[in-house]
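J.: What follows is each chain in one-letter form.
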Amino acid sequence: AQSVTQLDSQVPVFEEAPVELRCNYSSSVSVYLFWYVQYPNQGLQLLLKYLSGSTLVKGINGFEAEFNKSQTSFHLRKPSVHISDTAEYFCAVSDGSGYSTLTFGKGTMLLVSP
Amino acid sequence: DGGITQSPKYLFRKEGQNVTLSCEQNLNHDAMYWYRQDPGQGLRLIYYSQIVNDFQKGDIAEGYSVSREKKESFPLTVTSAQKNPTAFYLCASSNRAGSSTDTQYFGPGTRLTVL
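Protein chains in written order, with my numbering: chain A, 1 to 114; chain B, 1 to 115.
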């Protein structure tokens, strides 16, 4: 069985500051990793995903994430946040077997203030 | 425009009533999914379908039912057996059945409130 832990339920940050949202996973097999963003009362939108190859993955809106197999982590980073980045961020894992279902973390609310 | 539509956006029902949530996609995707979202709980998988006329239970299927009679449609019925149905429900689809690498695309969600 696979699981995802997002270590922070909320991350407050000032505009133009850097941010890191943490994600750790557990799985007995190879994994594929995803970050999604959800704006209030909306569906989820893919930010980026790691399938294979380079461990540094660049996504939309200036976000990037680094896959670290030894630490079983996939932390999301942005060097300078904007007010519009205020949203909930979900890390998810797929174990590459069976019917390709995703297991989601509980989410991290990023609160950007001026 | 291609995408996933869910209707209605807000739904109110009395306790003990069954209710059906609509999900339609025009992306020609094989796979479709239903998730439930509660505050602080992330998304939990209710049911998923890889092909027409076939579907599997997810982690929290009790009290829910689905059908997949058409490729583009995957309605979810919340039955009276679901003990705590008030939640935000999200439908998603992905391109290829059985592919773990494909992105799941999400609809805008339906917020169900049971009074």
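Take the hints with a grain of salt, since some may be wrong.
Covered by chain A, per the in silico footprint, the following chain B stretches (three or more residues, Cβ under 8 Å) [stated by the list, open to error]:
1) 14–23
2) 60–69
No farther apart than 27 Å at their CA atoms in a straight line, the calculated lysine-lysine pairs in the DSSO-like style are these [stated by the list, open to error]:
3) K57(B) to K49(A)
4) K71(B) to K106(A)
5) K106(A) to K70(B)
Which chain A residues stay away from chain B? Per the calculated CB distances, all over 10 Å, these [stated by the list, open to error]:
6) D8
7) V13
8) P18
9) R22
10) Y25
11) G43
12) L44
13) L46
14) S54
15) S70
16) Q71
17) T72
These are computed hints drawn from the structure, not numbers from a lab. Here a beta-carbon is modelled for each residue, glycine too, at the ideal position from N, C-alpha and C.
J.: Each hint needs a verdict: does it hold in this structure or not?
T.: Verification of the hints:
For a cut-off of 8 Å, the count of residues in the segment 14–23 of chain B with a CB near a CB of chain A stands at 0, and the three-residue condition is violated. Coverage of the segment 60–69 of chain B by chain A is violated [criterion: at least 3 residues with CB-CB distance below 8 Å; count 0]. This hinted pair checks out: K57(B) and K49(A) have alpha carbons roughly 25 Å apart, not beyond 27 Å. Distance restraint check for K71(B) and K106(A): the Cα-Cα separation of roughly 30 Å exceeds the 27 Å cut-off, and the hinted pair is therefore not satisfied.
Between K106(A) and K70(B), the direct Cα distance comes to roughly 32 Å. Violation of the 27 Å bound is thereby established for this hinted pair. Even its closest Cβ contact with chain B, about 12 Å, leaves D8(A) beyond 10 Å, as expected for a residue assigned away from the interface. With a cut of 10 Å on Cβ distances, V13(A) stays outside the contact zone with chain B, its closest approach being about 20 Å. For P18(A), the shortest C-beta to C-beta distance to chain B comes to about 25 Å, beyond the 10 Å cut-off, and the non-interface label holds.
With 10 Å as the threshold on Cβ separation, the claim that R22(A) sits away from chain B holds: the shortest Cβ distance comes to roughly 15 Å. Every CB of chain B is more than 10 Å from the CB of Y25(A) (nearest about 13 Å), matching its label as outside the interface. At roughly 4 Å, the least C-beta separation between G43(A) and chain B is not larger than 10 Å, which violates its mark as non-interface. With a least CB separation of 4 Å from chain B, L44(A) falls inside the 10 Å interface cut-off, contrary to its annotation.
Not every CB of chain B is more than 10 Å from the CB of L46(A) (nearest about 5 Å), against its label as outside the interface. Remark: the non-interface label on S54(A) is consistent with the geometry, its nearest Cβ contact in chain B lying 15 Å away (cut-off 10 Å). Look at S70(A): its CB is around 22 Å from the nearest CB on chain B, clear of 10 Å, so calling it non-interface holds up. Against chain B, the non-interface label of Q71(A) holds: every CB pair exceeds 10 Å, the least being about 21 Å.
Chain B leaves T72(A) outside its interface by the beta-carbon criterion, the shortest separation being 17 Å against a cut-off of 10 Å.
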